[in-house]
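Chemist: Those protein sequences? They're chains U and P, same order as listed. Residue 1 is where the first sequence starts when you use our numbering, and the numbers rise one by one after that. Residue 1 is where the second sequence starts when you use our numbering, and the numbers rise one by one after that.
For the record, the hints were derived by calculation from the structure and aren't laboratory data. Glycine included, every Cβ here is placed at the ideal spot set by N, Cα and C. Accuracy of the hints is not assured; some may be wrong.
[What the hints assert, rightly or not] Computed footprint of chain U on chain P; a stretch qualifies when at least three of its residues, placed anywhere within it, have a C-beta under 8 Å from a C-beta of chain U:
hint: 1; region: 26–39
hint: 2; region: 42–54
[Claimed, not checked] Have a look at the derived ranges for each label pair, beta carbon to beta carbon:
hint: 3; chain 1: U; residue 1: 134; chain 2: P; residue 2: 128; range: 14 to 24 Å
hint: 4; chain 1: P; residue 1: 48; chain 2: U; residue 2: 24; range: 26 to 36 Å
hint: 5; chain 1: P; residue 1: 88; chain 2: U; residue 2: 271; range: 56 to 66 Å
hint: 6; chain 1: P; residue 1: 65; chain 2: U; residue 2: 85; range: 32 to 42 Å
[To be verified] Facing chain U, from chain P, some residues (calculated, C-beta under 10 Å):
hint: 7; residue: 62
hint: 8; residue: 63
hint: 9; residue: 79
hint: 10; residue: 83
hint: 11; residue: 86
hint: 12; residue: 89
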Amino acid sequence: MSIPPPFRPQETGGWNQALAVLPVDLQRLLLALDDTILAELEEVRLRVGQPIELRFGTNSQYLKQGGGLTLMPPAAAVLSQAALEHVMQQVTQFSLYAVEEELRKGFITLPGGHRIGVAGRIVTDGGHIRSIRSISSLNIRIARAYPGMATPLRPWLADRGDGHPLSTLVISPPQCGKTTLVRDMARQWSENLVTRRRSPSKVVIIDERSEIAGMFEGRPQFALGPRTDVLDGCPKAEGLLMAIRSLSPDIVVTDEIGKQGDVEAILEAANAGVAVITTAHASSLAGWRRRPHMEELFQAHAFARYIILSRRRGPGTIECVLDGDGRSLT
Amino acid sequence: MLKLVGSVIIVFATTLIGFRMAHAYRERPRELRRLLQAVQQLQAEVEYHAKPLPRALIDVGQNSGGACGKWFVTAAKHLQEDGRSVAESFAAAAQSIASESAYRSSDFDPLDGVAASLATMDALHLHGQFQLAAQALEQAEVQAREEAERSARLWQYLGVLAGVLLVILLY
Numbered sequence: 001m002s003i004p005p006p007f008r009p010q011e012t013g014g015w016n017q018a019l020a021v022l023p024v025d026l027q028r029l030l031l032a033l034d035d036t037i038l039a040e041l042e043e044v045r046l047r048v049g050q051p052i053e054l055r056f057g058t059n060s061q062y063l064k065q066g067g068g069l070t071l072m073p074p075a076a077a078v079l080s081q082a083a084l085e086h087v088m089q090q091v092t093q094f095s096l097y098a099v100e101e102e103l104r105k106g107f108i109t110l111p112g113g114h115r116i117g118v119a120g121r122i123v124t125d126g127g128h129i130r131s132i133r134s135i136s137s138l139n140i141r142i143a144r145a146y147p148g149m150a151t152p153l154r155p156w157l158a159d160r161g162d163g164h165p166l167s168t169l170v171i172s173p174p175q176c177g178k179t180t181l182v183r184d185m186a187r188q189w190s191e192n193l194v195t196r197r198r199s200p201s202k203v204v205i206i207d208e209r210s211e212i213a214g215m216f217e218g219r220p221q222f223a224l225g226p227r228t229d230v231l232d233g234c235p236k237a238e239g240l241l242m243a244i245r246s247l248s249p250d251i252v253v254t255d256e257i258g259k260q261g262d263v264e265a266i267l268e269a270a271n272a273g274v275a276v277i278t279t280a281h282a283s284s285l286a287g288w289r290r291r292p293h294m295e296e297l298f299q300a301h302a303f304a305r306y307i308i309l310s311r312r313r314g315p316g317t318i319e320c321v322l323d324g325d326g327r328s329l330t
Numbered sequence: 001m002l003k004l005v006g007s008v009i010i011v012f013a014t015t016l017i018g019f020r021m022a023h024a025y026r027e028r029p030r031e032l033r034r035l036l037q038a039v040q041q042l043q044a045e046v047e048y049h050a051k052p053l054p055r056a057l058i059d060v061g062q063n064s065g066g067a068c069g070k071w072f073v074t075a076a077k078h079l080q081e082d083g084r085s086v087a088e089s090f091a092a093a094a095q096s097i098a099s100e101s102a103y104r105s106s107d108f109d110p111l112d113g114v115a116a117s118l119a120t121m122d123a124l125h126l127h128g129q130f131q132l133a134a135q136a137l138e139q140a141e142v143q144a145r146e147e148a149e150r151s152a153r154l155w156q157y158l159g160v161l162a163g164v165l166l167v168i169l170l171y
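Full structure from sequences and hints, please.
Modeler: Encoded structure:
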């Protein structure tokens, strides 16, 4: 049994917030597009000297000179070097130093939780990425939230006896909605919606890549509920231990586990009685167990629930829910 | 009687001009010290807090007050509203406060390097630019202080004596 995504996406700060970083002439061309087209817009791809590409799910078209969309590159509006520099200045707010750390990770977060992916010449130092220079392309990714995405999962997320949150791992290939799902799970626990608890759960999000909360200048750009604290940009393993020591959480939410350090920190959390909600890249539970270090977590019963996602019926399709031994519950 | 009143007015006016010039000389080292402190605050905002430039300029400007505070806040407004580059915003802001402060146009030169680098350099490399600007401002302050000691009193005397001389010549 699979559960399709329940709702259409809801814009966070609105795509116009993301498009505000573009030069005025490009903004005008985009704003002249039909509202239904803009509602489907997922990415604006900017490459110097190349047509400006708009991506809508599986469809892709160019922005046409003078307005509208086209599939013909000669008719498309081309991005100039000056326009790219303008976008970079707007995105960094004239402060490259303020986004150094984000640039090393390859993206910059905008108000509204939108993100700008950056490509150019990578400068390394001792094998580590130090910065990106000669930036040649940018990818503006429009952020959208799916409030209610975790609602069909409520019966499996809490202990049936005392309502205590259960450690949950969301497994899927990329772009199936893992992060979006854990974000909504964090919100629902924080708002005491999963199961009515007399003492509602405190949630801490360890947001290493600023993807879950989309923090911008210290404020989350997504609804996370009233009982959520965010450690933004914090390495997962250190953050998990820091949160347990200092923020007394009932639930710790983080993203994309995979390293030995993550395993140790999750086991530490499990021993401390803190539920961990997190994600991993894999297409199935068996695939996840084959990844380095992950079998140790499975054997230790670190997670009581495994949720498998796919794009089969749209991003966020819930394929199945498994218990800590890998038995299907759906 | 009318001559006497006229003479008093002349001496008073020239004395006032002399004192005003002396005040400008005395005020300049203070303004430069304030600018140096503001630059050091901006350096902290950039290097430790990694605050975006417009926000950092407004915060430092409001803390510093005076002409240099106004300079920073005006530069931030140019950045946010006019779409000018950092260097252009600093230059435009400097022009707008030049007439109402004791600064000379050369006093803003040490910050040119910082302004040109802020949008394009990382914090590590900006550190060097800030250090250079701070050293140049310290040096300018020392020179301004020496100049103030020499020239302020001279302008005061000059004001009074010029008035007296004018009165003698008129009589």
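Chemist: Determine which of the earlier numbered hints do not hold for this structure and return their numbers in increasing order.
Modeler: 1, 7 and 8
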